[in-house]
Each structure stands twice: as C-alpha cells, then as structure tokens.
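*Asks:* One letter stands for each residue in the lines below.
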Amino acid sequence: MADFFLQALGQVGSPMVLALITIGVLFGIIGGCIPGFTVTMAILVVFPFTFAMDPVSGVSLMVGVFVGGYSGGLVSGVMLGIPGTPSSITTVYDGYPMAQKGEPGRALGIGVAASFIGTLISVAVLVFFGPLIASYSMKFRPWEITSLIVFALTLVAGLSNGALLKGLLAAALGLLITTVGYDRNSNLRFDFDLPILGSGFEILPVMIGIFAFSQLMGNLEKLRDDKSDIREVNTDVSIPYRQILVDMSRQKINTLRSSLIGSLVGALPGTGGTVANFISYDQAKKMSRHPERFGTGIPDGIIASEASNSAVAGGAFVPTLALGIPGDLPMAIMMGVLILHGITPGPLMFEQNPVLVGAIYASLLIGAVVMVISQLLLVRWFAKISLIPQQVLVPVVLMLCAVGAFALNNNLFDVWVLFIFGILGYLLWKAEVPLTPLILGVVLGDNMERQLFRALELDSSWLTFLTRPLSALFLALAVVSLIVSLYQNRKIRLHALATKGGDA
Amino acid sequence: MLMLTKDRALALAMMLMAGILLVESGNIPPPTSWQPYGSALFPRILLVVIGALSLLILIRSLLVGAKRPDTPRRTFPQWLAHNRTVLGLFLLFGLYAALLPLVGYIAATLGFLVTAFAWLLGIDTRRKWIINLAVSGILVPLVYVIFRYGLNVWLP
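Residue numbers (this note's numbering), protein chains in the order written: chain A, 1 to 504; chain B, 505 to 660.
Just to be clear, a hint being listed does not mean it is correct.
[To be verified] With a straight-line Cα cutoff of 27 Å, these simulated DSS-like cross-link-like pairs (lysine-lysine) come out:
(1) A:K384 with B:K510
(2) A:K430 with A:K286
(3) B:K510 with A:K491
(4) A:K491 with A:K285
(5) A:K101 with A:K491
(6) A:K430 with A:K101
(7) A:K285 with A:K384
(8) B:K632 with A:K252
(9) A:K491 with A:K430
(10) A:K286 with A:K252
(11) A:K285 with A:K101
(12) A:K222 with A:K384
(13) B:K510 with A:K430
(14) A:K286 with A:K491
(15) A:K384 with B:K632
I should point out that these hints are in silico values taken from the structure, not numbers from a laboratory.
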C-alpha cells in the first residue's frame, strides 16, 4: 500500500492537482461560511466541473471541498453568531461569545487548529480501518450486501427526526426511481412509451434536483418569514498564534476525544457533522472540570465542536470506500463522482484502484494543510463573503445546477430531469419528508437490485437471507434500528405533549 | 369535515402513484425460463412497500386528527401571493430550461439571471441594478469559458 500511496502522492502533488485542491478548499470554506449554503450544496455545485477531469483530479477537487466545507462553518459561527453549516452549531456556543469579548482571532485560530488536527486524526482512522473493513467485507456475498443496504437505509430513515414512516417511504421512493428504463435483462420498465425514459434517470440531476431546489427555496422562504436578517460584521481580525498554541496544548485530550468521536460518527450511516458536533460538545462538557463555563466563550467548546465536525470528513469515507455504502449526503455525492468516473466504491476498490484510494488519503492531508493556511490568511475575506445575500446566491446556484446537469451528457433532458425532481423534492420537503434516505435510495438502488437478483439466481429461496449468519445479522440490526427509532419517536411525542401541557 | 393535511395529501398522492405504477408494471415482460423472478419483481416490492407506508401515514394522520394551523387558512389568491417568490422562481427556471435549446446558453442564462435577480433583489435602487448586471455579466461568460475551454464541454 505504501508504494501506491507514494504513487498517489506523486500524482496529487502535481501543480495542477494541488491547484485543484486549493480551489476546492477555498470554495468549500466559502460554501461552509455562507449561512444556509451548506457543505452538501458546495459539493453539488463543484461536482459538474469534475466531469471532464481524470479520476484523481476530480476526486482531489471534491476532497478539497469536503475539507474546506467542514471548517468553513466556523467563520460565520464566530463572526456572525450564525452557524454556516449545521455541523458548526455548537461552535457558535463558545466561538461567538469569545469573539464578542474582543477575541475573534483567538476563537478562529483555535477553531482552525482543532479542524486541522481533527482532519489528520480522521485520515489516520481511515487509513487504518478502511482496508481492514474492506478486506473483511470481501467475504460478503449478494445476500449480505443486499441485507447491508437494507440496514443502511432503515438506519438512515430511522434517524429522520421523528419521521420514521416518511423516512422509509423516502428510501423506497429513492429505490423506485432507479427502476425506470432498461434493467439488467434489457427489459423496459415504466417508460410510458416515451423513448427518452428508456435509459432511465441519471443519478446526478435527480440528486441535485431533489436536494438543491428544496434547500434553496427553503432559504428563500426563511428569508420571507424572517425579516430581521440584517447583519454587520467586523472583519478586523488578528490571530494570536502564541495564545492559540498555549490553548491547544492544554486541550490535548479534548482534541483527541473529539476527533475520534467525529471519525466514528462520520463512519455511521445517516449521522454526519451535525450529530458529531453535538455529541462531542456534550462529552467535552461532561468530562470537563468546569462544565458551568461552557457557552461563555472558552476554548474547550470550540475545540470539541470543530475537531469533531472536521474529523467527519475522513470517517465518512470508511463505509463509502470499504463497503460502497455512503453514510450521508456529501458521501452519496462523492460516490456519484466515483461512479461517474467508472469506479465502483466497495471492497474491491482497495485492490483495483489503490492509487485512487491513496489519492483520497493524500488529498485529505494536503487539503487540511491548505485549509489552515487559507483560513489564517484569508479569514477576513471569508467573513465578508459570508454576507452574500441569498437573493444573489440562489439564482447563481440554480444556474450552475442547470449547467452541471446539461454538461453530464450534453443532453437537455437532464435539465428537465433536474427541474422535475426539483419540484418533487420541494413538495416532499414541504410535506416534511426527509430527503437524505431518498437520495441514498437513488444512489444504492441499482446495486441493491443487482445484488438481490444475483442472490435469487444463485438460490431462489428467500429464506437464505435469514439462514446466512451475516445476512441475518444485518436484517436483525435493521429491525432493531426500526424498533429503537419507534421508541425514540414515542419519547419525542410524549416530550412534546408534556411541554405543551406545561406551557398550558 | 375532513381536512386535507400535508400527511394526508402525501399519503393519497403516493398511493395513487403506487396504484398507477402497479398497473403499468403489467407491461414489464415476464421472466424467461432461466430467471427465477422477472424484471417486475423489484419495483413491485417497492410499490407495495410505498403503498403500505402511505396507508399507515394516512391512518396515523386520521387517528391523530388535523392539527389546528398556527396561522389562519389562506384562500388560494392569498396563498399565491404568500408564495409568489418561490413559485415565480420555479416558473422562471422552467422557462430557462425551455429557452436553453432555442436561444442558447449565453442568452438564456443572461435572461434567467437578470430576471431572477430583479425578482428576488428588486429593482428599486441603482445599486441593485449594478449588482444584478455585474454578477450576471461576469458570471455568464466566465462559466462558459470554464466549461468550453477549460473542461471541453460544449454548452448549448
């Protein structure tokens, strides 16, 4: 593997790829620091630019956006008190008060340093566990893979904030979308005699349409309902390097613990940076000798939040690369990039494309370094950019989505697919249907059907899914995740009723 | 009288879709002699799951009852007025997609951006016009150049 890593480092170290990583990191930070834009949106916007690139360049650019995006939420969180991304909500708890006390440079510096260390630790986790899980999952046969996909989808659906039924519905709908057009036996399905539907829907315009439209239109609706969106920011920031070194050296355990929490949470399906930063902040507070000071502007809180949300970047790659199952939206899109370049993520990737795997490791490491330099040098500009109004941002992103959808196959039909799924995504979002299970369903649909049929061709009995131990284990875990989710939903409902009763 | 809530509308729409597609799945060729199951199996499983989940959502919604809305119910014209920004933008995007093959990327995109900025930002001050035209004027050719010459992708 070391040979392949050096080979990958050679490719990633070329001026062109380094420039792409830098552009990716800068764009990621900008995307992350604009409230309401999110890391996922930044990745979606950059995705079309990778079409014409070779796999290493495309993946390096995307990894750059990941690394930058997860650290970008810090800027608006500290400077404006508004988290740029959901994964930096807890950064605001201590970052903003520290900035208000006249130390914005210290808050930003601590956040950047914690993000950097978090990313490095998560790369170590990826390098160690990725091949380990991949080599173990080589034993998986079609029954195990089908059951694993079912488990991943039920887990993601179950984590949909009290909307289990809608989450499952969304996952089934996502899988159904992939059945349109010719199947593996060259039989046409659901084409309604329209030749254009024969080739089915491309993943990309479907994903962008569903996610981007609902997100962007949601931002506009928020703007309509909340008129108090006038913000001012003081961009006169200087970074006290010595102080930050002292702060970081006092927080070694917190940094390590938070980074490991981020890596672990990142590797679980359906969680991501938002869950990671809450768990990590909560743990840091519980383990602290002075929990009462959390929320008043102390380094502990910023480190817990930023180290964990940045560590998600590396951790999230583990199931995507090792099992071919993305855990969250950014990873689903990353998997789309790999598929687009003819690479199938999964256990075989470590054997068949070791250089590309090495390039992902190297891009994460280089991206982390570029992120630190960019944040420290350009922080005042990022703070200014975070003030770009949604009214300017939304049309620009919609235009880039349309161009990206067209560029995929030089086909206008894909722009219409984007639009139709945009309307569908918006309507589902309005009906409070979680969209993450739907998008994961779209990404995993083809593979799930392929594996299911392989299993049934090898043994036509459905009972084999239950008689093979690992397959049965995954299905049992799927059932457990549904039961736990039902229990949690009930708790949420009872709590809501109790609160309502208390208010009355 | 039963109210059409979000959940009920979702459940009914999904059940209708599942019903139509189940009927349509009858047109999928049956399995050949060497296939244990045909091409219609997977989508039919999904359609049954979607139908069952929709039914559960509908039943739950009927059992819980309709939540009293926080704001008074809007009439259709009021609803249109309240959502005009989003609806207008959807309409504009549809128009943009339709115009792309007819007038080409540059003209269609310029038209889309200028109109969308005017729609969202407003046109009441000179500053807004400057932002509108500057962003549109810079971005449209920039994206064209990146795709055409940097990435070798022909735009319409």
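*Asks:* Against each hint, give a clear statement of whether it holds in the structure.
*Replies:* A quick look at each hint next to the structure:
This hinted pair does not check out: K384 (chain A) and K510 (chain B) have alpha carbons roughly 39 Å apart, beyond 27 Å. With a CA separation close to 37 Å, the supplied pair K430 (chain A) and K286 (chain A) exceeds the 27 Å bound. A C-alpha spacing of about 23 Å is found between K510 (chain B) and K491 (chain A), which places the hinted pair at or below 27 Å, so the restraint holds. For a cut-off of 27 Å, the pair hint linking K491 (chain A) to K285 (chain A) stands: about 24 Å separates their Cα positions.
Restraint check for K101 (chain A) and K491 (chain A): not satisfied, since their Cα atoms lie roughly 39 Å apart, outside the 27 Å limit. With a C-alpha separation of about 40 Å, the suggested pair K430 (chain A) and K101 (chain A) falls outside the 27 Å cut-off, and the hint is violated. Note on K285 (chain A) and K384 (chain A): the hinted pairing is violated, with a Cα-Cα distance of about 32 Å set against a maximum of 27 Å. Between the alpha carbons of K632 (chain B) and K252 (chain A) the distance comes to roughly 49 Å, so the proposed pair goes past 27 Å and is violated.
With a C-alpha separation of about 24 Å, the suggested pair K491 (chain A) and K430 (chain A) falls inside the 27 Å cut-off, and the hint holds. Taking the CA atoms of K286 (chain A) and K252 (chain A), the gap is near 16 Å; set against the 27 Å cutoff, the hint holds. In summary, the hint linking K285 (chain A) to K101 (chain A) is supported, as the alpha carbons are separated by about 21 Å, within the 27 Å threshold. Between K222 (chain A) and K384 (chain A) the CA atoms are separated by roughly 21 Å; this keeps the pair inside 27 Å, and the hint holds.
In summary, the hint linking K510 (chain B) to K430 (chain A) is supported, as the alpha carbons are separated by about 8 Å, within the 27 Å threshold. Distance check on the hinted pair: K286 (chain A) and K491 (chain A) sit about 23 Å apart at the alpha-carbon level, within 27 Å; holds. Annotation: proposed proximity of K384 (chain A) to K632 (chain B) holds, straight-line Cα distance about 18 Å (limit 27 Å).
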